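Place chain V with the ligand on chain H using the hints.
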Amino acid sequence: MNLSRDVALIGAGMTRFHNKIHADKTSREIFLEATLEAINSVDKNFEFKDIEALFLGTFSGDSFENQAHMAALMADWLGINPKPAIRIEDACASSGVAISMGAMAIASGLYDIVMVGGVEKMTSLDTNKVTDTLAMAADNLFEVSAGFTFPGLYASIATAHFAKHGSRWDQLAAVSIKNHYNGSLNPKAHFQTSVLDVAKKMGESRGLTFKDEMEFLRSPLNPVVAYPLRLFDCCPISDGAAVVILAEAKKAKRFTDTPIFLKGLGQASDTMCLSNREDLTSLKGTKIAAQQAYKMAGVKPKDIDLAVVHDCFTIAEILATEDLGFFPKGEGGVAAEEGRTAINGDKPVNPDGGLKAKGHPVGATGAAMAYEMFKQLRGEAGKHQIADAEIGLSHNVGASGATVTVQIYGK
Amino acid sequence: MSVPRYWREEKYRYRLIGSRCSKCGEIFFPRRLVCSKCRSRQLRDYKLSEKGRIVSWTIIRNPPKEYEKYAPYAVGLIELDDGLKIISQLVDLEPEEIKTGMRVEATFRKIREEGSSGIIEYGYKFRPVIE
Ligand SMILES: [Zn+2]
Numbered sequence: 001m002n003l004s005r006d007v008a009l010i011g012a013g014m015t016r017f018h019n020k021i022h023a024d025k026t027s028r029e030i031f032l033e034a035t036l037e038a039i040n041s042v043d044k045n046f047e048f049k050d051i052e053a054l055f056l057g058t059f060s061g062d063s064f065e066n067q068a069h070m071a072a073l074m075a076d077w078l079g080i081n082p083k084p085a086i087r088i089e090d091a092c093a094s095s096g097v098a099i100s101m102g103a104m105a106i107a108s109g110l111y112d113i114v115m116v117g118g119v120e121k122m123t124s125l126d127t128n129k130v131t132d133t134l135a136m137a138a139d140n141l142f143e144v145s146a147g148f149t150f151p152g153l154y155a156s157i158a159t160a161h162f163a164k165h166g167s168r169w170d171q172l173a174a175v176s177i178k179n180h181y182n183g184s185l186n187p188k189a190h191f192q193t194s195v196l197d198v199a200k201k202m203g204e205s206r207g208l209t210f211k212d213e214m215e216f217l218r219s220p221l222n223p224v225v226a227y228p229l230r231l232f233d234c235c236p237i238s239d240g241a242a243v244v245i246l247a248e249a250k251k252a253k254r255f256t257d258t259p260i261f262l263k264g265l266g267q268a269s270d271t272m273c274l275s276n277r278e279d280l281t282s283l284k285g286t287k288i289a290a291q292q293a294y295k296m297a298g299v300k301p302k303d304i305d306l307a308v309v310h311d312c313f314t315i316a317e318i319l320a321t322e323d324l325g326f327f328p329k330g331e332g333g334v335a336a337e338e339g340r341t342a343i344n345g346d347k348p349v350n351p352d353g354g355l356k357a358k359g360h361p362v363g364a365t366g367a368a369m370a371y372e373m374f375k376q377l378r379g380e381a382g383k384h385q386i387a388d389a390e391i392g393l394s395h396n397v398g399a400s401g402a403t404v405t406v407q408i409y410g411k
Numbered sequence: 001m002s003v004p005r006y007w008r009e010e011k012y013r014y015r016l017i018g019s020r021c022s023k024c025g026e027i028f029f030p031r032r033l034v035c036s037k038c039r040s041r042q043l044r045d046y047k048l049s050e051k052g053r054i055v056s057w058t059i060i061r062n063p064p065k066e067y068e069k070y071a072p073y074a075v076g077l078i079e080l081d082d083g084l085k086i087i088s089q090l091v092d093l094e095p096e097e098i099k100t101g102m103r104v105e106a107t108f109r110k111i112r113e114e115g116s117s118g119i120i121e122y123g124y125k126f127r128p129v130i131e
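From first to last, the protein sequence lines stand for chains H and V. Under the numbering used here, the first residue of the first sequence carries the number 1, and numbering increases by one thereafter. Under the numbering used here, the first residue of the second sequence carries the number 1, and numbering increases by one thereafter.
Only chain H is shown next, with the shape it has when bound in the complex (with noise of 0.2 angstroms):
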């Protein structure tokens, strides 16, 4: 399989993903902000009337904000009616999904410039009302209804994880403490502080001393969410929006001296419920779209040199470092351990920070990961940047893995 015209990323922007700071703005606002940043960011030439369509990833304004028909929405907002605006819905991959439409759409030859985004406002509920409207994202009458949560079907994802390849907490901890510290290096991140730092901070103001990040992390200042998921393993509610502008390759040159192409794409689906899998300690999708997106772009796992992974919880950011092929399976916790997935690492795993750090804004997740890819391969990615990088790639999934979807951009 192969795009039938070549697409290229100009520009990108995004919001600093947050809990509080978007607290007095809707959907509206947060996106037009990522927006003009990405507007601003096109190297020369570019205007609002260039884009001919947009593609809107969002999960659920419905019920965090009782705003549905979204793109149209933001199509008004942004000023550029009569264009036409499509929203795509795939739970926490929803933009992930819309970068590959709009690709496809340029792809296709019905247009040369898209703009791709993703928003979600979730503050405006409260942790219960949010973690609901999450839940909606799995199967309601067979997994909701048995009392399942999503930190608890990744929970028994952890435990089937420990029980088949012998992985431990401790794993999941590494992962923790490794975005935390690449959260503080990202201006854009919801979270910019390092565990340790955490561990200080709380630890003061209780009279409490903790000899390093794993004491911390192991104290009940750190909860149980569901055995074995700490509060330091689950992704945070935040706000936020992001946004790229994709082009005809040819026309890509008009605007920019440096665009980054889309080498690969890839996607999958799989069974809505668990229980219906063959393996509980992979995901069935993360294989096959990376096989899509790697042979798409003519690359192996080996040639990758940085990734943006899923990782809305950590023991998902060691499956994704397996699936993806980086390392063999049952051996992404230890790869973990050993800090090969740092960002000063043989193989940086989510320097932005990941979900964990930089937040999770459930539709704009996707199109965040695309504006990393930017960033980095441009070299503009500032204190977190990984030197030298050439082929980067990202990786977006719905819910616990009925979707799938990713990409491999390049220079």
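I should point out that these hints are in silico values taken from the structure, not numbers from a laboratory. Note that the structure is predicted; figures quoted are calculated from it, not measured. Worth double-checking, as some hints may not be accurate.
[What the hints assert, rightly or not] In silico lysine-lysine, DSS-like type, Cα no more than 25 angstroms apart, as pairs:
| no. | chain 1 | residue 1 | chain 2 | residue 2 |
| --- | --- | --- | --- | --- |
| 1 | H | Lys44 | H | Lys253 |
| 2 | H | Lys300 | H | Lys287 |
| 3 | H | Lys129 | H | Lys20 |
| 4 | H | Lys295 | H | Lys329 |
| 5 | H | Lys129 | V | Lys65 |
| 6 | H | Lys284 | V | Lys37 |
| 7 | V | Lys51 | H | Lys20 |
| 8 | H | Lys20 | H | Lys200 |
| 9 | H | Lys129 | V | Lys110 |
| 10 | H | Lys200 | H | Lys284 |
| 11 | H | Lys300 | H | Lys284 |
| 12 | V | Lys47 | H | Lys129 |
| 13 | H | Lys164 | V | Lys110 |
| 14 | V | Lys69 | H | Lys329 |
| 15 | V | Lys110 | V | Lys69 |
| 16 | H | Lys329 | V | Lys99 |
| 17 | H | Lys284 | H | Lys329 |
| 18 | V | Lys85 | H | Lys284 |
| 19 | V | Lys85 | H | Lys164 |
| 20 | V | Lys85 | V | Lys23 |
| 21 | V | Lys85 | H | Lys287 |
| 22 | V | Lys65 | V | Lys110 |
| 23 | V | Lys37 | H | Lys287 |
| 24 | H | Lys164 | V | Lys51 |
[Claimed, not checked] With the Cβ distance kept under 8 angstroms, some of the chain V side facing chain H (calculated, not the full set):
| no. | residue |
| --- | --- |
| 25 | Ile59 |
| 26 | Ser88 |
| 27 | Tyr122 |
Glycine included, every Cβ here is placed at the ideal spot set by N, Cα and C.
Using the frame of chain H, we list chain V with the ligand on its own:
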């Protein structure tokens, strides 16, 4: 879930009934209308085995709203003796006792009450097998 919808599901939830494909023999739970292995539409009701073993589990401490009064509670994935996996709450055991590989059996229990005017839902949960 609406009341009519719940009644329609009752048989499957009360008696652990899934589907078996008459063409290729594949079994499914929840029941299906098309075989996802051979695409045949000849599916018949199939009574699942009521015993199995835990393949993964967790304890839910931050439950969905309707389950708040039951928390914390254990949930798990159980591989039944006929090879099918099913997702369920685990009851009649302490969290410390739960282990992957543990033998469990289906039991009929209250699942949740849907508010003051709602119906009370019943269905299966799994408990340890005493041998
Ligand atoms: Zn069949």
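Note to self: Output the indices of the hints that this structure fails to meet, ascending.
What the structure shows: As far as the earlier hints go, 7, 10, 12, 13, 14 and 27 are violated by this structure, in ascending order.
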